[in-house]
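Asker: Sequence:
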Amino acid sequence: MAEKVGKTGASGQTLEEAKKINKSLSALGMVINALTDGKSTHIPYRDSKLTRILQESLGGNSRTTLIINCSPSSYNDAETISTLRFGVRAKAIKNKAKINAELSPAELKQLLKKAQNQAVTFEKYIASLESEIQLWRSGDTVPQERWVALRTGEGVAGIKLDAKAPRPATPSRLQTEARSETPSSRPDSRVGDRSSTPTIVLEKDEREEFLKRENDLQDQLAERETQIADAEKMLVEKKEELKILKESAVRTGKDNEKLNTEVNELRMQLEKVSFESKEAAITMDTLKDANSELTAELDELKQQLLDARMSARETSAALDEKDRKKAERMAQMMAGFDLKMDFFSENERKIQKLVERVDSLHATSSSGEVVAPDEFLELRSSLLETQGVVRQAELAMNDRADVPPDAQLLQRIVKLQQELEAALEQGLDANDVVEIKERLEQAYAARKDIDHLEVDSLRSEIARKDGELERLKQSLAEARSQPNGSSNTTPTVNSKTLHQQIADFDAMKKSLMRDLQNRCERVVELEISLDEAREQYKHVVQSSNNRQQQKKMAFLERNLEQLTHVQRQLVEQNSSLKREVAIAERKLIARNERIESLETLLQESQEKLTAANHRFEAQLTVVKERLEAAKAGSTRGLPSSDGLSFSFGGSRIAKPLRGGGGTEQPNATSPPANDATSGRAKRTTWFFNQR
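Counting from 1211, one number per residue, gives the positions in the sequence shown under this note's numbering.
The reader is advised that the hints may include incorrect statements.
[What the hints assert, rightly or not] Just the calculated beta-carbon pair ranges, DEER-fashion: (1) 1835 x 1459: 52 to 62 Å; (2) 1455 x 1333: 56 to 66 Å; (3) 1232 x 1430: 18 to 28 Å; (4) 1772 x 1648: 37 to 47 Å; (5) 1433 x 1301: 31 to 41 Å.
[Stated by the list, open to error] Straight-line C-alpha distance at most 30 Å; calculated DSSO-like pairs for lysine-lysine: (6) 1259 x 1217; (7) 1453 x 1217; (8) 1306 x 1249.
These are computed hints drawn from the structure, not numbers from a lab.
Where a beta carbon is used, it is the ideal one built from N, C-alpha and C, also for glycine.
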């Protein structure tokens, strides 16, 4: 079927045409293979112009006759075999062609009415069959005369024949009918089995005009196909650009969402930090107030400490005054003993001179010089005098040991002071005042008598000491008048004895001075205590008259102190509560501001979510509309199963054919109806089926 260049020897323009023809024939073979294998989901009609033109003839609503020209020569056996195989494959194509008849509204109404009548008949027939089946299933027997007549002969087949509308007469039908009436001369001829081919002869002018029109249409189709190809390429490019833009838009949207999320998070963190800073400022103000309060308390404590120091200074001043008075009285009391002190000082000086004299004599004798006897006599007399002084001091110590101590007097004074303090604490009446007065007078008289007795004893002791001193002086004079019988006594023994006596005298002197000073201190302390008791007594006497008033004043003072304390506590509590309320108000204001900001953010997010939902719903609605439109477009070109709807799809070049093909119908009984139908029909072409 294809042109073989090796046999034809084509070149130049003929070769190019041969190439295109072979390419178109190859595409036609691919289309026929796709139509016959039953597995292909895509038929490549657009691979060549030939397959596009033959799209309706091969797989459309048509009946096509394919004439194969074969060469019986053995030289062309390969081409003959391939052509026959091509014809076998083309014959395997099965099309269910339908009549492209355009019915008038009146004819359509008749068909509809007939279909409705048939539907009513079928419903009655079905109801009678169901009632009979119910009787048989229930176990009853239906007589044969009551059986429902089966409509096999008049059933579906008859209905189909009646449902077919009369077709208009076309040239192909007329030619087919004419050929069907002419018997074939060959016994094995299958002319009746195949479709008829129109053989209407056109005039030469009409044929040339028709071919010219066909060429023009093919050129226009080629241009349109080129434009469509360019448009498809541009569409693909635009789709790719749109896809890229959509991807970039999606990425940009994601980036924007991410940035918006980060901005919202940063905004939340900023608001959180501002809220925390406000709370920190409130806490700082609270700490400042507490610091000021502590500073005020510290100032008060400093003032109290200063007052305590002042009172301590006053107390120390009072104690110093008391010590000063005590020292003055001690000086006055010790003034009466100045003679004694002078006496002891003179004796001490004498003993010191004796020690120095003994040392000088010892040095003289050690150097080998002779000591005069008069010097030893004078030393002996001095030692005897010193011995008398020591004996007198020992006697004084013994006498002083015999004097009873005044511990009982001190205990009595302490007891009286305790009783006085207890009485002052308990509160005194008139009888108590008199009793205390008597006790104080008795104590004062007893103290005065004791002081007089002690002074008298001290004076008698001084007189006795003076007598002993005179006696010692006399004994010293007698000793000086006696002859020296101890001239040969060594100075060393005398010096030791003298040192021992001096040490004893010094110890005795110190003990006497301590004893005397202790006694004087006791006397002075007792006098000071007595003065204090007198002052307290005066205060008691002065306050005994208005004791009741003092009690009332004390009671009122205690109540006033309690009220002052309670009032101070209430003031402090009130101030602390005010501070806490102010702090709580500030915190509440800050929290309300944060809540308002959060509510604003929540409202904005809800608005954004609502807008996003609206956009999503709009997009979903658009997608649903597109899906419904696509479904409607896909089902619009399908034929109806009841034979009442017709498909008018066809090639963009060849318009749909009216009539032709299909099963043979009986001749129209009403020529006027056929003429009217053919007159209403538009003029179409059947030349493509002929080719």
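Asker: A separate judgement is required for each hint: does it hold in the structure or not?
Answerer: To see whether the hints hold, each was checked on the structure:
Checked against the hint of 52 to 62 Å, the pair residue 1835 and residue 1459 fails, with Cβ atoms roughly 22 Å apart. Between residue 1455 and residue 1333 the beta carbons are some 60 Å apart, a value that agrees with the proposed interval 56 to 66 Å. Distance hint check: the CB atoms of residue 1232 and residue 1430 are about 25 Å apart, consistent with the given range 18 to 28 Å. Here the CB-CB span from residue 1772 to residue 1648 is close to 39 Å, well matched to the stated 37 to 47 Å.
Distance hint for residue 1433 and residue 1301: a CB-CB separation of about 35 Å, consistent with the stated range 31 to 41 Å. Proximity of residue 1259 to residue 1217 is assessed by CA-CA distance (about 26 Å); at most 30 Å being required, the pair is judged to hold. With a C-alpha separation of about 52 Å, the suggested pair residue 1453 and residue 1217 falls outside the 30 Å cut-off, and the hint is violated. A distance of roughly 18 Å separates the Cα atoms of residue 1306 and residue 1249; the hinted pair therefore holds under the 30 Å criterion.
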